[in-house]
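**Student:** One letter stands for each residue in the lines below.
2 protein chains.
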Amino acid sequence: MADEVILLNFWPSMFGMRTMIALEEKGVKYEYREENVINNKSPLLLEMNPIHKKIPVLIHNGKPVCESIIQIQYIDEVWSDKNPFLPTDPYQRAQALFWADFIEKKLFVCGRKTWATKGEELEAATKEYIEILKTLQCELGDKPYFGGDKFGFVDIVLIGYYSWFPAYQKFGNFSIEPECSKLMAWGKRCMQRASVAKALPDSEKVVGYVLQLKKFYGIE
Amino acid sequence: MADEVILLNFWPSMFGMRTMIALEEKGVKYEYREENVINNKSPLLLEMNPIHKKIPVLIHNGKPVCESIIQIQYIDEVWSDKNPFLPTDPYQRAQALFWADFIEKKLFVCGRKTWATKGEELEAATKEYIEILKTLQCELGDKPYFGGDKFGFVDIVLIGYYSWFPAYQKFGNFSIEPECSKLMAWGKRCMQRASVAKALPDSEKVVGYVLQLKKFYGIE
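Here the protein sequences come in this chain order: A and Y. Going by full-length UniProt numbering, the residue at position 64 of the first sequence is 64; the numbering climbs one at a time, nothing skipped. Going by full-length UniProt numbering, the residue at position 170 of the second sequence is 170; the numbering climbs one at a time, nothing skipped.
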């Protein structure tokens, strides 16, 4: 039986981008279904992720896998013959999971503040955002990828945010490049990969989406 | 070379309890070092977890592994010959990771509100806490453990909270048993295991600790 793989997603989601990249890297054929998460979630989404009711949902032969980081691990284990994402050494695996968790805990919440707050709160948020990126840049070091010579798990977890950087910078009125030029070079390097280029939306489109969000939430 | 394993912990931490249980289940010999996380973190803790500066830290042959859920996975992979925690099937692994993530996202934050808030906020928190536990109880179903017939990954992730239930109920003035009797029976079942009995502190001691916390934060 051929695998039936469906991805329920919403295009600006940096979480959904991860799962798309993972599927593309493994060469898995899948059906992409765009969800309207703001106004009208599909019955399938609510059925497949009754706990969180959130995208992305990966549906493999009718069975749902939820949460993007878990989806990447699942894809890595099911399609294990090609492009492994996680190292095999337990210590290196733990380190990769640690940085994925760090990104998960820090980047979304702080990023949101760059367009949803103002004044002192905004100033603190943009400073914190740069500090988070500097920490990640320090972990990257002189390696081409977080995975070393190969594009891997942490790269997949982080790269979606790269498409949001222009929006964060525009609305937060700050600049990432001066202190994080190595990380920006890493982003450009990742964008050379077909999987990443396909999964990441145009940054200008993200800027437009954030404008919509600001209007939706009544943020001046 | 014999393995040198050190656990930096603070006894009331439900996160540290997980790592202790995992080590005990695998029969790993380790040195337990109690940290004073409120007033005086040790130089070793700050050196081994410079990013979060938090316990528990597992130090294996001089190298740190941080974040309790990652520590459980690491212990499972390194000492793989005994009592596997995670299933081998990728879909079942993804499900176990999903429930661990659910516990991680929901239980600590809501639990804290049961002793740190009052009025409407407290009322909402205690209702939410019961709903979270009911969701977990539904996942448990009629199985003896979340891992099925065997005590496994999700059981290890959740059981530490059981030692906090009396404190949550006392300060939040609510009762878990009426709607969650199956989950309470699961807790009692887990307490029969030597690993769990050793890792979980006496609930009355936790009540005393929460009283200290309330004074520390000036919460009446």
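Just so you know, not all the hints are guaranteed correct.
In this list, chains with the same sequence are indistinguishable; a pair is considered to hold if it fits within one copy or across any two.
[Said to hold, decoys possible] Cross-link-like lysine-lysine pairs, in silico, DSBU-like; alpha carbons within 35 Å at most:
| # | residue 1 | residue 2 |
| --- | --- | --- |
| 1 | 113 | 134 |
| 2 | 215 | 82 |
| 3 | 127 | 54 |
| 4 | 63 | 170 |
| 5 | 41 | 143 |
In short, the hints are calculated from the structure, not lab data. Computed from a predicted model, the values in this text were never measured in an experiment.
**Student:** Does each hint fit the structure? Answer for all of them.
**Tutor:** Results for each hint:
Taking the closest pair of Cα atoms, residue 113 and residue 134 come within 35 Å of each other both inside a single copy (18 Å) and across two copies (33 Å). With identical chains, the CA atoms of residue 215 and residue 82 are never at most 35 Å apart, being 44 Å at best within one copy and 56 Å at best between copies. Taking the shortest Cα distances, residue 127 and residue 54 sit within 35 Å of each other both inside one copy (30 Å) and across copies (22 Å). For the identical chains of this complex, residue 63 and residue 170 are neighbours neither inside a copy (40 Å) nor across copies (41 Å), given an alpha-carbon limit of 35 Å.
Proximity of residue 41 to residue 143 under the C-alpha cut-off of 35 Å is restricted to the inter-copy arrangement: shortest distance 32 Å between copies versus 41 Å within a copy.
Against the hints set out earlier in the document, violations occur for numbers 2 and 4.
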